[in-house]
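Student: Residues per chain, in single letters:
Number of protein chains: 2
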Amino acid sequence: MAKEVKLLGFWPSPFAIKPKIALHLKSVDYEYIEETLQSKSDLLLKTNPVYKKIPVLLHHNKPICESLNIDEYIDEAFPSTPSILPAEPYDRAIQRFWAAYIDEWFPTFREVALAQSEEVRAAAIEKVKEGLSLLEDAFVKCSKGKPFFSGDNIGYLDIALGSYLGWLYVYEKLSNINALNKEETPSLLTWAERFSAADAVKDYIPEVDKLMEFAKIIMPRFKAAASN
Amino acid sequence: MAKEVKLLGFWPSPFAIKPKIALHLKSVDYEYIEETLQSKSDLLLKTNPVYKKIPVLLHHNKPICESLNIDEYIDEAFPSTPSILPAEPYDRAIQRFWAAYIDEWFPTFREVALAQSEEVRAAAIEKVKEGLSLLEDAFVKCSKGKPFFSGDNIGYLDIALGSYLGWLYVYEKLSNINALNKEETPSLLTWAERFSAADAVKDYIPEVDKLMEFAKIIMPRFKAAASN
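Taken in sequence, the protein lines are chains A and B.
Letter by letter, the first sequence follows residues 1 to 228 in the UniProt record's numbering.
Letter by letter, the second sequence follows residues 1 to 228 in the UniProt record's numbering.
Be a bit skeptical, because a hint or two may be false.
A pair counts as met if it fits within one copy or between any two copies, since identical chains are not told apart.
No more than 20 Å apart at the CA atoms, straight line, and that leaves these computed lysine to any residue pairs for SDA-like [what the hints assert, rightly or not]:
| hint | residue 1 | residue 2 |
| --- | --- | --- |
| 1 | 52 | 129 |
| 2 | 53 | 100 |
| 3 | 3 | 144 |
| 4 | 6 | 42 |
| 5 | 6 | 134 |
| 6 | 53 | 103 |
| 7 | 52 | 103 |
| 8 | 129 | 87 |
| 9 | 53 | 104 |
| 10 | 141 | 180 |
| 11 | 26 | 178 |
Calculated directly from the structure, the hints in this document are not laboratory data.
Build the full structure now, drawing on both the sequences and the hints.
Tutor: In structure tokens:
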């Protein structure tokens, strides 16, 4: 029998990792449909005609697009515990703010990797560091001494940042930078280890070696696109 | 006595109009603090250090930033009727999707106004029209024959699009285009009239003439920024 929930994803994509973790946390059984880099499936084009991008969640064949939007939907449509968003409106607003910030900020890692001059590279590293410093601060404030942004358990903002960790490690290697370290981001450093080892997460963050292989294919494309 | 809710805004900003309408709908009494174009206040810099932009909502002095995030917060923190977001998770996800789309798409109107060649102008008009066509379609699907995106009453997606109406009319004049019309966007055209006349809205959408005066000041700045 066809499953009532389907997810269209692509294994290296941090955007697809977000709903995978959310569905795992909610113990939702689903069919995973892997897209390819070569061509977009008819199902993807039909279910996300606006952006034509994964991830798409299908629930009773009704599509939901955009990864953070999908995670909120999963939280609301499957009200079983645990909650993904915090209970308090203010905490929810703060997590939504930082989750959106992360999606805007993370591409600065790519700018570092693609920089064609020392000047551009230095400016991009500055933006990377600024974001890390803000997020270190946000972690301290949100977690209130507990292990995760959301407190005792992984939640919305943990997923929003944690889904990028594989690529963060790849960019550290590609660009020879030390993004997470004991001196500047001590809380994020231990949070990242804790997050990556969690049961709800460890099967979904791709191995760095495998992502590095993929990066060798994709980075030249990004480079060509950036110089157009 | 100081009011427990404060809003930092700037009168021509569609982003500041969003929380104004949401607060009106929820009958929340608040202090409005007008920022200026000349310099950013210390309060703004302190309460939105990441983006340094209005609107900022202060609730018991705790800041919430980003206009759509603020509207969700208002809905959750003041659970009095009416609700701003729909009740059903799927409807909520669809409204969130289009609200984010609108923020991404609306600047294409500015591209039309600033276009330096017929070719650039035609391409920008194409993007404007594509968005309008998608939103006309979204209106038909979301409203299900009722007056607003949210049904019988103004809700989240109505606010998200409606807050741009003043600028939409300004760009129609500036660029000599007919964005909303009976042939291509019949539903949006009547929705826009209905929305602008609503009690919760009519005091917050600036007059077109006043916005045109402001546009004469701001457009040359946008032009200079675009050519840098």
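Student: For every hint, state whether the structure bears it out.
Tutor: Status of each hint after checking the structure:
Taking the shortest Cα distances, residue 52 and residue 129 sit within 20 Å of each other only across copies (18 Å), while inside one copy they are farther apart (32 Å). Taking CA atoms no more than 20 Å apart as the test, residue 53 paired with residue 100 passes in both settings, with 17 Å inside one copy and 15 Å between copies. Taking the closest pair of Cα atoms, residue 3 and residue 144 never come within 20 Å of each other, the shortest separation being 39 Å inside a single copy and 28 Å across copies. With identical chains, the CA atoms of residue 6 and residue 42 are at most 20 Å apart within one copy only, with a shortest distance of 15 Å there and 48 Å across copies.
Within a single copy, residue 6 and residue 134 get their C-alpha atoms no closer than 35 Å, and across copies no closer than 25 Å, so neither meets the 20 Å cut-off. Proximity of residue 53 and residue 103 under a CA criterion of 20 Å is satisfied in both settings, with 15 Å inside one chain copy and 18 Å between copies. For the identical chains of this complex, residue 52 and residue 103 are neighbours both inside a copy (18 Å) and across copies (18 Å), given an alpha-carbon limit of 20 Å. Proximity of residue 129 to residue 87 under the C-alpha cut-off of 20 Å is found in neither arrangement, the shortest distances being 31 Å within a copy and 40 Å between copies.
In this assembly of identical chains, the alpha carbons of residue 53 and residue 104 lie at most 20 Å apart whether taken from the same copy (17 Å) or from different copies (16 Å). Taking the shortest Cα distances, residue 141 and residue 180 sit within 20 Å of each other inside one copy (18 Å), while across copies they are farther apart (46 Å). Taking CA atoms no more than 20 Å apart as the test, residue 26 paired with residue 178 passes in neither setting, with 34 Å inside one copy and 47 Å between copies.
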